[in-house]
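**Q** One-letter residues, chain by chain:
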Amino acid sequence: MSTLWDTTGSQVVKALTAERRAGGTVMSGLALTLVIVVDEKQVAEAEEAARIAASVHPCRLLLVVRRQVDAPVPRLDAEVLIGGRLGPGEAVVMRMYGRLALHAESVVLPLLAPDAPVVTWWHGPPPEVIAHDPLGVFAERRITDCAWLPDPAEGLATRAADYLPGDTDLSWTRTTGWRAALAAAFDSLSGQALGGRVEGNPNSPSAQLLTGWLHARLGAPIELVDTERPSGTHVAAVRIDLDTDREVVLRRLDAGAVSVTGGAGPDTVIQLPVRSLGELLGEELRRLDADQPYGEALGAATGVTGLAGRSGRRRHVWKDPAERANA
Amino acid sequence: MSAPRDKVITGGSPANPLRDVRDRRLPRVPEACALVVFGITGDLARKKLLPAFYDLANRGLLPTNFALLGFARRDWGDGDFIALAERSAKEHARTPWRPDVWERLAANMRFVPGSFDEDEAFDNLDQTLADMSDTHGIQGNAAFFLSIPPTMFPVVLRQMERTGMAENERCGGWRRVVVEKPFGNDLASAIELNTLVDDVFGWRDVYRIDHYLGKETVQNLLALRFANTLFEPIWNAHYVDSVQITMAEDGGIGSRAAFYDETGAARDVLQNHLLQLLALTAMEEPVQFIPSAIRTEKLKVLRAVSLPDDLDAYAIRGQYEQGWLAGERVVGYTQEKDVPEDSRTETYAAVKLGVQTRRWAGVPFYLRTGKRLPRRVTEIALSFRRAPHLPFAPTDTEELGHNQLVVRVQPDEGMTLKFGSKVPGSMMEVRDVSMDFLYGETFTEASPEAYERLLLDVLLGDAMLFPLNEEVEASWDVIDPLEEHWSGQAPYRYRAGEWGPGEAEQMLARDGRVWRRP
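For the protein sequence lines, the chains are A and B, in the order given. When you number the first sequence by my numbering, it's gap-free, plus one each residue, and the end is 1737. When you number the second sequence by my numbering, it's gap-free, plus one each residue, and the end is 506.
Isolated chain B, as found in the complex:
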């Protein structure tokens, strides 16, 4: 299996004499291309995609010949689309507003109206793209961003197949498709979806966005492990006692009630973000820093993930009740708007997983995620074994805990190393101290938004940060038995503003451990 392009990507076209891998002052700019966004009026497009495009343009990272097409069922002209895009870019963009940059971007924006089952609309879109090869010099290159509910995928993809707009050869350039989670809601539906997308576009041209992988710290995890000599020797069951991966949100479900109530925390977060973080933490060293090698290693780990035998004790799900969070009273999950009163959907999930490899055998990986927890934080914490022998008196080391290495994914991106140190004074007393590396302190070169980075990678054809179809399927393989076990059970309750249900505490207490307070 080889990846789309296993080479150093400098941007632009490879034969360009003015491009030089050593010349790192020049930005990586994609080839001339168009991007078509389906569902341009949706939340994601307005809050993330359109602002990300403006930011990319502002940083000079879009090619000179670039076109942005919006597709939606609205009776709109280009002007309405541009007005919408301008509003959302002004409101959500990260970089300052520059009218000249905007004008140039707006000049290359088109709106194609139509509904997904209308043949005419897709013929029109296909023709527009063909015309743009001349008028906008996009050379047949186009990426399609499906910012639409997964139930619509089949219709849209079939339309693309019918018009042939997904075929690279026919179009004289590359054609890529970008899909967002959820990638199905169980293994069977994921396979169905993957088969469909891969069938229409070819698996090399499918980019699945997991925006966590666009974050700097996540990419830094690979640098930390494989660029240093310090950590890899202790990155195994001989030294690691346990691993905790946490993704906590203080927010509720917002306006996603209908979607969330069908999905739940395990499918929404555990299946993709947390398992991807686990894969990056536990994977073996890739033979090369190229997409195919990294995906191969991730896939191996995901396939080695095992569930505990006693699911009752080690797979806990919870649902928040009303409580106080950050000084405000918040309602319980079942009182949220559009949520059925008898809903058994979980808003919290904690599970103990194993990784059945020589490196990790016997090391528990505790994963948890939840809504309405005290703060918004995502982190990976490796807790190391205690020293086999302590030459100090037991009272000297009472306050010494496990050594820990914590990778903070968000907020305060960075790392913390926790270890014991002598407390100054005439007594021998060892207490935990922490050594902090904060990204913002060492490099403030403003980290791009995850979407900015990922969209740019799609246009550049860099598949490094996108999970492959098989990774998605391997993840569902882990989640499906959990869902099956949980179905018919009522979730445990926790108060909004608590770190999850008490049963989750007991789950770790049973193993003689406690959850870290992130």
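Isolated chain A (complex conformation):
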């Protein structure tokens, strides 16, 4: 590990090369670079998640902490780690002060693994428009998390308005377990869905996306209603009415299990543990192509149409937070 105080981007690149040589582990097969945008207060949490995800998908980790944008003098502190607390791979933790924070890409670009996909993850409230953050512009995959926002419904609408293929949101990842359980319950069932209900936290973006997904896939109206639920969870139950006079009900029993009734087989209980941030991030890194079902669910949840038809890449749009503060 080497720590560089008040340094420059080129020094960081040199330090990384030196660390790789010294470590004797020249990684030849780097498959991706993960850029993590995080606030100082959440660094430990993000590092823990990144460590777990990187142990499943080896990658170069670049943690960018933007601090005191209004500091008078720009400054860069960096820490280069190989095989340290951030797992077996390579990691660089950078703290950027002053105006440098607005030009973080100038430090990050030369550190990206050559010609390998880049994933940017904002561990914090997502930018309103991803194009405003240069760290999101060069990434093939962008991972936001609307659960950070006070008003997630508005957050999802913002994401839908800003959507381009390659965007995903961790609140969508949190629905995978439910979606897999629902899909399994629908195996070997015949009949059309007439309608249904998701019972849970109406303010949770995951509950909203799950509702949107069911609506898009089943082509039937699905309501989201407020219900008591086990602590730490967002969805208490999902009920779907079929035209065969059958109601499929999945109900959360506790933070680990869900009961299934009304499916093709006998009633049963399945395991559906709440997953850690690291596991969620690991699932995200498994696929580096666009997630169309997310686009569909997002469109259905927010009522924004035409998400599937969008294409292209973002170009950076300059936005100075200082200007807004002065205005």
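Read the hints as simulated data drawn from the structure, not as lab findings. Watch out, some of these pointers could steer you wrong.
What the hints assert, rightly or not - Below, a list of computed lysine-lysine pairs in the DSS-like style, where the Cα atoms sit at most 30 Å apart:
{"#": "1", "chain 1": "B", "residue 1": "169", "chain 2": "B", "residue 2": "288"}
{"#": "2", "chain 1": "A", "residue 1": "1424", "chain 2": "B", "residue 2": "406"}
{"#": "3", "chain 1": "A", "residue 1": "1451", "chain 2": "A", "residue 2": "1424"}
{"#": "4", "chain 1": "A", "residue 1": "1729", "chain 2": "A", "residue 2": "1451"}
{"#": "5", "chain 1": "B", "residue 1": "410", "chain 2": "A", "residue 2": "1424"}
{"#": "6", "chain 1": "B", "residue 1": "78", "chain 2": "B", "residue 2": "169"}
Since the structure of chain A is already known, use the hints to place chain B on it.
**A** Chain B only, in chain A's frame:
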């Protein structure tokens, strides 16, 4: 000829509106079904199958409605079976132990006692499966895993035929059978066995497990060849000088003495694993990535395999004598427990094969396998021709060998490309360097055990990785003349811990080549 299901398999039932091929976050989960394992108390079941089931359950890849039935000649209840399964899952599973996952799996486990010639036992099994359609919602779907010696196959299969439990229509779902090697011990017995199995179940529902095909690198061989533009143009006799396929084991024969002494290395490994690897290396491009197309191409190659004219020189077999391996003294083959002292069974086999197609004419394929070799390794190495003209002084390229592409099947799954490069300095000197791709470095998404993958494919009905009856027969067609040639000959000797007998070295030296040290 068409395969069981030529379509993208997303898992679950095809009409399910919640399944979407683009939605790759959802796991491929089989339809509701039961799996019946015959010989549940055997080694394979305890060390591989039961742990693989636990791992599948732990990864959420088993359907909600799933039942596991064990069948064996024991006076057992469900509880004994569950206890055995719990022990073996705890001991051999790859994924961490989670009591809640286990409890759910254990709740759906049944034991059916009986011996294979007892009609009553099979009637009981049939009835249990029928009942489970209601109680466990398995919808008549069941796969039968025959983890029993091949001599028992006829009895068991006839029982299944008698009770009708192999018939899809009668049962209202699918019925599949999984068989393990050995698929016979020569062409005649293989045909007999294939006819029997295919007759009872129908060839589409027969899954022959060759666990090598469940390995990631083997599947990656197809991706390497057919997803890239880089390799296919040089994948032929114009550029390839020779191919070496090696499967070496450092272990001895363990507790399989009785079986092994009758079988030998050629039947045990060459006939199935090595010839399958050869087929995947040498096959033409399948028109589509679907089971039927891939099997068609593999079959074409296997039928084009030729033996050398001079079998004395190019088919070498060996038997290990006592020696030192990994710092320990090990006994010779004939001193192993339960092996006759005058045994002529080979523990090493090396053979030069040809592939009589336009692509491969003239390229020798050297295959070798052996026990008690210095390390456990399986690899496919393509050695390329030397450049037709070297503009350097002869002394500059003294250390330059053949360019090589090595596919490492195990361990350290990955690939190596070996080529010449200038040694830094004021002199022009070219030396071999290698470029490495290691699976574990790029994707550590823990590769599933081969059995996990293959069992899941059986339940999903994905026949891609299972050799077809005709492939097995074509392979015996290659092995039978070898066995005939070898019968009556004593194998050459090699010390345990050596890379095989000296005669195998001479076999390559005769062609001006050497074995790669894997």
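**Q** Check whether the Cα positions of residue 1424 of chain A and residue 406 of chain B lie no farther apart than 30 Å.
**A** Since the Cα atoms of residue 1424 of chain A and residue 406 of chain B sit roughly 29 Å apart, the hinted pair holds (cutoff 30 Å).
**Q** Is it true that the CA of residue 1729 of chain A sits at most 30 Å from the CA of residue 1451 of chain A?
**A** With Cα atoms ~24 Å apart, residue 1729 of chain A and residue 1451 of chain A stay inside 30 Å; holds.
**Q** Tell me if the straight-line CA distance from residue 1451 of chain A to residue 1424 of chain A falls inside 30 Å.
**A** This hinted pair holds, its Cα atoms lying about 28 Å apart.
**Q** Hinted pair, alpha-carbon criterion (30 Å max): residue 410 of chain B, residue 1424 of chain A. Please report holds or violated.
**A** 25 Å, holds
**Q** Are the Cα atoms of residue 169 of chain B and residue 288 of chain B separated by 30 Å or less?
**A** Distance of about 22 Å is within 30 Å: holds.
**Q** Tell me if the straight-line CA distance from residue 78 of chain B to residue 169 of chain B falls inside 30 Å.
**A** 26 Å, holds
In terms of the numbered hints stated before, the structure departs from none.
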